[in-house]
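Asker: Residues 1373 to 1960, numbered by the numbering used here, are exactly what the first sequence covers, in order.
These aren't lab readings, by the way, just hints derived from the structure by calculation.
All values derive from a computational prediction rather than experimental measurement.
Just so you know, not all the hints are guaranteed correct.
No more than 27 Å apart at the CA atoms, straight line, and that leaves these computed lysine-lysine pairs for DSS-like [said to hold, decoys possible]:
| id | residue 1 | residue 2 |
| --- | --- | --- |
| 1 | 1374 | 1827 |
| 2 | 1814 | 1408 |
| 3 | 1781 | 1408 |
| 4 | 1410 | 1881 |
| 5 | 1827 | 1376 |
| 6 | 1571 | 1612 |
| 7 | 1408 | 1376 |
| 8 | 1571 | 1781 |
| 9 | 1374 | 1410 |
| 10 | 1827 | 1814 |
| 11 | 1781 | 1814 |
| 12 | 1425 | 1376 |
| 13 | 1408 | 1374 |
| 14 | 1704 | 1814 |
| 15 | 1881 | 1827 |
| 16 | 1374 | 1425 |
| 17 | 1827 | 1781 |
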Amino acid sequence: MKEKIQSLIESGLESLVEGGVLPEETRPQVQVTRTKDKAHGDFATNVALALAKPAGMNPRELAGRLVEALPEDPAIARVEIAGPGFINFFVSQAAAASVIDQVLAQGERFGRSDVGAGRRVQVEFVSANPTGPLHVGHGRGAAYGAVVADLLEAVGFDVHREYYVNDAGRQMDILALSVWLRYLELCGVEFPFPSNAYKGDYITRDIARVLFDEVGEEYAVPAAELMADIPADEPDGGDKEAHVDALIERARHVLGDVRYRYVFDLGLTRVLDGIRDDLEAFGLTFDEWYSERGLADRGLINQGIERLRELGHVYEQDGALWFRASEFGDDKDRVVQRENGQTTYFASDIAYHMDKLERGFERVIDIWGADHHGYVPRLRAAMRALGEAEERLDVLLVQFAALYRGGEKVPMSTRSGSFVTLRELREEVGEDAARFFYVMRKSEQHLDFDLDLAKSQSNDNPVYYVQYAHARVCSVLRQMDERGMARDVERGRGGITRLTESHEQSLIKRLQAFPELVERSALRHEPHTLVHYLRELANEFHTYYNAHPFLVEEDAELRDARLNLIVAVRQVVANGLGLLGVSAPERM
RNA sequence: GCCCCCGUAGCUCAGCUGGAUAGAGCAAUCCCCUCCUAAGGGAUCGGUCGCAGGUUCGAAUCCUGCCGGGGGCGCCA
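Assemble the whole structure, with the sequences as input and the hints as a guide.
Answerer: Structure representation (structure tokens):
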């Protein structure tokens, strides 16, 4: 409909140009928008305002000429000029209501499109370090990424969902150490647990216990051997990093490569399995779990550095290898290979992103926590240095979520180990509420997650509010059966012009807007607009429900027309909730 | 110090690529079940869009400066 009006305007403009009213070179992008106020019709355009100046005419006069030049169209009932020179279009009732048939015919495909034209897009999200269970902060990135990916798929992109597994590096060594030390405790060895090691009880419970059951005391050493010549920990006036690093070396030495690797991998796989389970229960699946270690094994990290070196974008200083990031828009140069010969996380990321592009994705989307924003310029700098088109990379930053219970902020810090896990959140409020609340706000907005509200079974809870619209339609249909009425879709189609109530008109307009909304929501990576849409749709439906009976006894044609409308509403609610990963219950 | 995000009703937030009297929800006050689930609906109250300039036919929206809140600035990941 929007496109139709657009082309009507374009041909109107064309004839004005031919008639010499408008200068030849006038080629504006015609903007057609849905009106907010129904007094302004269904659609409006501001072309007359935009063209007033080049045409040397006042906007209202120009609008008048344009309206006269518009071709007739049965779908347009009326055209008006309003305000400073807006042109308002009133769509005929029958043309508008045809959306109901469209929804019924397309079913769950309604709202989908092919603007993506099958182009390949990679979405990398969550990618939390496998050192412990996912917490509520990761949950938001997970929910957001899942919806962004689903939306892109809905509008025709070929989407590849990927989780980057940081299975190499020091933090994983600390995990391995933590597992081994907890195991030693299970063996009865007594020593002070390092302040900088991972203290979560999942380590003892899920990992060290398994190790102990498998190998008995075979991997154990006495406390004296463990702690000999280890520098003091922070509480004892030492440096916690040096303390932990020394212990990691000790573990490697005592266990030997094979056993150390065994402990390391045990920790990794147990934690990763937990993460996978959590995400699956949250309705998320990935096409690929991409290993950082694999990147190193395939030599890609060194290849990346080499390529930068060939291009003259790296130099040596203080024994380390630096990338000239500052020449490509970053604040300063960045180390890619440390003095000790180890490559940095950044070097891995360069290699990873090179690989993403080489795998043939036209667009690559990274979804990160907002605390990583400082990292964006350096990655972009690397892309540019490598001669990659920067526009292919999108980094979407998601702000953290704060939980509120009883009006109080739930204290959380990774350091103190008092973080709430995603699993706990899910168990407390349920998957639907969690998914819905997480994407309710603009991603760059801090999210206040009200646990009491998410749990409440009341009209205040926006999740139930939307779901209830779906359940209510189901309930009406059940009621219809109970009353012995038969629904006739065709008869409803015949009575489509009977839907003249203002509630019906608004609902029809709302349904029409859905495909555009999905498209915009997808292309702009803004799931929250879908949430708002569903709330409005549900609201209009509930209002309609209270204002008019659907199961009209004495007028089968009107009844079936109304039933077609509300079944279409149900379909769109279901499609929308489906995109959000939220269920659409048949009864509540 | 530099960088990013945010500042809209008492609270939580929308506001599309600049557009017509700035919108929801919650809270507050009042009203609606002999009627398809009241997990619902309606009405009222509530705003100097942080402040000051600028751009233009038109600014909550774009630009600059300032104020306030949050986050980030490692040879960590």
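Asker: Does each hint hold? Answer for all of them.
Answerer: Now for the hints, and whether the structure bears them out:
1. Only pairs whose Cα atoms come within 27 Å are accepted, and residue 1374 paired with residue 1827 is rejected, the gap being roughly 40 Å.
2. Our distance criterion of 27 Å between C-alpha atoms is met by residue 1814 and residue 1408, whose separation comes to about 22 Å.
3. Between the alpha carbons of residue 1781 and residue 1408 the distance comes to roughly 37 Å, so the proposed pair goes past 27 Å and is violated.
4. Between residue 1410 and residue 1881 the alpha-carbon distance is near 10 Å, which keeps this suggested pair within the 27 Å criterion.
5. Between residue 1827 and residue 1376, the direct Cα distance comes to roughly 45 Å. Violation of the 27 Å bound is thereby established for this hinted pair.
6. With a CA separation close to 14 Å, the supplied pair residue 1571 and residue 1612 stays within the 27 Å bound.
7. Between residue 1408 and residue 1376 the alpha-carbon distance is near 19 Å, which keeps this suggested pair within the 27 Å criterion.
8. Between residue 1571 and residue 1781 the alpha-carbon distance is near 24 Å, which keeps this suggested pair within the 27 Å criterion.
9. Note on residue 1374 and residue 1410: the hinted pairing holds, with a Cα-Cα distance of about 16 Å set against a maximum of 27 Å.
10. Taking the CA atoms of residue 1827 and residue 1814, the gap is near 22 Å; set against the 27 Å cutoff, the hint holds.
11. Restraint check: the Cα-Cα separation between residue 1781 and residue 1814 comes to about 20 Å, which is no more than 27 Å; the hinted pair holds.
12. Simply put, residue 1425 and residue 1376 have alpha-carbon atoms about 26 Å apart, close enough for the 27 Å limit, and the pair holds.
13. The suggested pairing of residue 1408 with residue 1374 holds, with an alpha-carbon distance near 15 Å, which does not exceed 27 Å.
14. This hinted pair does not check out: residue 1704 and residue 1814 have alpha carbons roughly 31 Å apart, beyond 27 Å.
15. Proposed proximity of residue 1881 and residue 1827 is contradicted: the alpha carbons are some 32 Å apart, above 27 Å.
16. A distance of roughly 25 Å separates the Cα atoms of residue 1374 and residue 1425; the hinted pair therefore holds under the 27 Å criterion.
17. A hinted pair counts as satisfied when its Cα atoms are at most 27 Å apart, and residue 1827 with residue 1781 qualifies at roughly 16 Å.
Of the numbered hints listed earlier, those contradicted by the structure are 1, 3, 5, 14 and 15.
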